[in-house]
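Protein chains in written order, with the numbering used here: chain A, 734 to 960; chain B, -15 to 161.
Bear in mind the hints are in silico, worked out from the structure with no lab data behind them. Any given hint could turn out to be false.
Said to hold, decoys possible - With a straight-line cut-off of 25 Å between C-alpha atoms, the simulated DMTMM-like cross-links for lysine to aspartate or glutamate are: (1) Lys790(A) - Asp8(B); (2) Lys790(A) - Glu800(A); (3) Lys790(A) - Asp33(B); (4) Lys790(A) - Glu132(B); (5) Lys790(A) - Glu7(B); (6) Lys790(A) - Asp78(B); (7) Lys790(A) - Glu121(B); (8) Lys790(A) - Asp751(A).
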Amino acid sequence: MSGRARRLEAWVERVLRDRRPRHFPAEDDEARTMLAAAALRAGRPSADAPRPEFVEKLERSLRRQVETDDSGAAAPLITRRRLLGGAAAVAAAAAVGAGVDRAVDRSSEGGGLPSAELVPPHAGRWVDVAAVADVPVGRPLRFSAGAVEGFVVNHGDAVQAVSAICSHMPCTLQLSASGQRLDCPCHGAWFGLDGQPLSGPYYPDRLQPLAQVRTRVVDGRIQVLSA
Amino acid sequence: MDQSRSTSPSPELHVLSEPAGWEDVYRENVGPVYRYVYARTGNRPDAEDVTAQVFMRALPRLRLRASAPEIRSYLMATARSMLAEHWTLHYGVDVGLVDEEVASPEPAPEPTGEDAGVSRAARILGALPDHYRRVLELRFLRGYSVRETAHEMNITVTNAKVLQHRALRRAAQEELE
Chain A
734 MSGRARRLEA WVERVLRDRR PRHFPAEDDE ARTMLAAAAL RAGRPSADAP
784 RPEFVEKLER SLRRQVETDD SGAAAPLITR RRLLGGAAAV AAAAAVGAGV
834 DRAVDRSSEG GGLPSAELVP PHAGRWVDVA AVADVPVGRP LRFSAGAVEG
884 FVVNHGDAVQ AVSAICSHMP CTLQLSASGQ RLDCPCHGAW FGLDGQPLSG
934 PYYPDRLQPL AQVRTRVVDG RIQVLSA
Chain B
-15 MDQSRSTSPS PELHVLSEPA GWEDVYRENV GPVYRYVYAR TGNRPDAEDV
35 TAQVFMRALP RLRLRASAPE IRSYLMATAR SMLAEHWTLH YGVDVGLVDE
85 EVASPEPAPE PTGEDAGVSR AARILGALPD HYRRVLELRF LRGYSVRETA
135 HEMNITVTNA KVLQHRALRR AAQEELE
């Protein structure tokens, strides 16, 4: 047997004993074989029933999570507070919860979908997010600025920011491994860094683009229009 | 909980449409989610980790007023996405290539009954030639060791290993088609 076959065999033997297998970088065909093994492993009667201890333990963990987040708002999002300076950081941190909550409500109601621009110019305030020099060209930066969560991209000759909330349902987008795409972890929508929907595995071209966030550069620092 | 709850003009509708507590949602869905995840990880420790991630991620975002089927499908979508993350993180595999279900535009409602795992395994085995099916049945469904399997099939231990390897690869191909 080859080395590849042996590591696959070791993986299968662990799975047959219902133990955690060693994780390793797998080729696609290996992964498919492992998935077939996983499917067969689940075919042993009641092998796939959760342990009562696990069910109870997870319920206790969830209760702790719910109780520490009793606002009923979305899960705490990753913020980049250190990018914001001084008093702005405190104010922005305080506004994050409420802001996200509002965004979630607005887009989940479906009727008044977000306009192309997230915050209209007359309603907003400018929030500092980073120095232009700290944002490499073409490498998006996640920011948290008051009511607005987004990604800002330095195109070299211009700076652009889009909302980090998916235009399909109110899930928070994540930067893909390549750093060149915004992916929705909930239903798999894909967006380009300009906020346009990409033909991904889900909902190709049927999605609204991401809401745009107005940006400006003052004294070498990027500011976004927030609320 | 069933679908009729949200559509039937029952006089108790106002009571029944009270949003469920998160505990109810959890208890009704933890079994189906775990079974779904188990059949795509194949072992308890990984299945428990991924299942915990699914509820940790989904519960705070869930609108409890949504219907039971909507809640179920949101949880299953989250499960698919967490599984995709699991396979990418631990095996570096592109999700779309591995799990066709993850890549389908509108995932069909998954059978999540208690026998879903058993019937899926039976379907996979049913597509295999006899000796492939036999070796996988003995090892996966009946829990025989390689040695016991070899004895039962009247072949050498080495041959049993090779047969099992080939049978699994064939099963994976059948799954693709």
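Right, here's what the structure says about each hint:
With a CA separation close to 16 Å, the supplied pair Lys790(A) and Asp8(B) stays within the 25 Å bound. Proposed proximity of Lys790(A) and Glu800(A) is supported: the alpha carbons are some 15 Å apart, at most 25 Å. For the proposed pair Lys790(A) and Asp33(B), the alpha carbon gap of about 12 Å is at most 25 Å, so the pair holds. A C-alpha spacing of about 37 Å is found between Lys790(A) and Glu132(B), which places the hinted pair above 25 Å, so the restraint is violated.
Restraint check for Lys790(A) and Glu7(B): the C-alpha separation of about 13 Å stays at or below 25 Å, so the hint holds. Proximity of Lys790(A) to Asp78(B) is assessed by CA-CA distance (about 32 Å); at most 25 Å being required, the pair is judged violated. For a cut-off of 25 Å, the pair hint linking Lys790(A) to Glu121(B) is broken: about 33 Å separates their Cα positions. Taken as a hint, the Lys790(A) and Asp751(A) pair is honoured in the structure, with Cα atoms around 20 Å apart against an allowance of 25 Å.
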